[in-house]
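Peer 1: For reference, the chains in residue letters:
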Amino acid sequence: MGVRVKVAGVGLHPFGRFEGRTITEMGVHAVRAALAEAGNPPFQAAFCGTAYGGVATGHKVLGALALTGGPIVDVEAGCASGGAALQLAAGAIRAGEYDSVLVFGVEKMPKGIIRSSFFEPWREQAGLAATPAYFALRAQRVLREAGLTKAHLAEVVVKNRRNGVHNPDAMFRTAVTAEEVLASRVVCEPLHLWMLCSPNEGAAAVVLQRDDGRVGGVTLAAARLRSHLPGSVLGEATPLSGIDDTDIVPPSTLAAHDAYAEAGIGPEDLDLVECQDTDAARELLAYQELGLCAPGDQARMLAEPTVTVNPSGGLLSRGEPLGASALGQVVEIVRQLRGEAGGRQVEGARTGLAHTVGRGANACCVVLTR
Amino acid sequence: MTAIAEGLFETAADGTISLIGGWSPTSGRFHFPLLDVCPYSGEADVERVLLSRDATLWAWTAVTAAPPGYEGPVPFGFGVVELTAERLRIVTRLREADPTRLAFGQPLTLVADELPGGVVTWAFA
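If you're matching them up, the sequences are chains A and V in order.
Take the first sequence: its letters are residues 1 to 370, numbered as in the working numbering.
Take the second sequence: its letters are residues 1001 to 1125, numbered as in the working numbering.
If you are wondering where the hints come from, they were derived from the structure by calculation, not from laboratory data.
All residues carry an ideal CB built from backbone N, CA and C; glycine is no exception.
Take the hints with a grain of salt, since some may be wrong.
Some chain V residues near chain A, calculated using beta-carbon distances under 10 Å [claimed, not checked]:
| id | residue |
| --- | --- |
| 1 | Ala-1066 |
| 2 | Thr-1084 |
| 3 | Arg-1093 |
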């Protein structure tokens, strides 16, 4: 067996909106907490996930802590940026290049509909760069193909918001009813406002180390990033511009297969999953992409879940600071595996999966075990 | 009247428009907008084609707030149509902005669509 990578410490700046607080300050908060948990070890390299942070975001954070000098690399892979940073760090440790690496993600998202340089100017001018509208088209197809209704979308929101009540680091900490979800305004049919996550702000950090053989602790069993296969770039899952929607495997499934193979597990071994619930339908699609249920079996998975999904409250409760989002999931799973998750604890959790997918397309799956 | 971008569609003498796509003999697949290289096979063997103007509706919604960079009216219809001959799916504006008046598989036809400032793009109606 090759080198094992362990999680020596995690830290989080709560996700939300923080007027007057800089992205650097949030990053410092998370990094300091993760390093303190790990016993303030030296680290030989740092990878920083961010999509909107700008030039040398990671340098600013570590500069504020007088921790520069080693290589600092900012990593951008859309919503999966933090997962990409984690894969690079873990790979470097496995390769024997480093034995201690700091990984962090920071973001302060602009307000309103996310503007992305991904789209050509003419697409914006024609109104074809409407991010929530793409989510809506995907949601409509998920509902159709799995025989679901808006009531199922509301059910996902109710579940995740109920979980978020117990998460002190979440943006929204109140439970909601299905009636309230369906009464919130329609953003893009079939998606109502409360079925969509909020782009927001926050930071998360993880210290990875070469496993010294001590028993216990959390192991990073896999961190795998994949991109879309040729021809399917406009869709994160169903290719919106392909000739057939069943012949191109989506990046989430590619990443999940890679992660399961690397960790030597299957979806049936998972005790909890933090998945990309950008909108309520995105979570339902993830169930089949990650192999948690058969395609079209989402209604049963919701009614009789075989694994706990989004115990943190998901993006629907936490919001989505792109560069920090994937590492926020990792922090949650580490706390769950350590039994430190308080009112949202999944009892006896030993294996967890974090899943992010977004523009690019990029998808990342991380497996953590205890 | 100016086209929203060069090379997306052709306008005939009677004002009807046709989208300009590509077809690659190696992949056997169509794509839109036209690229130099086939997005499926990576081969530089793309032939320029005028795509069929008839389609069926595959997915749709209405955009209720102006997205970034857009100055036209809201709400507006937005969706994916499948071109009948090529079976190619295209992200498009839709003339119909009321989602309740549309149905899966509904036949639609390509039309020119005018945006503020005399800018012309395409839609399906």
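Peer 1: None of the hints should be skipped; say for each whether it holds.
Peer 2: Verification of the supplied hints:
A hinted interface residue such as Ala-1066 (chain V) counts as satisfied when its beta carbon comes closer than 10 Å to some beta carbon of chain A; here the least separation is about 8 Å, so the hint holds. Evaluation of the Thr-1084 (chain V) hint against chain A yields a violated restraint, the C-beta minimum of about 13 Å exceeding 10 Å. Using the Cβ-Cβ criterion of 10 Å, the hint placing Arg-1093 (chain V) at the interface with chain A is satisfied: the shortest such distance is roughly 6 Å.
Of the numbered hints listed earlier, the single one contradicted by the structure is hint 2.
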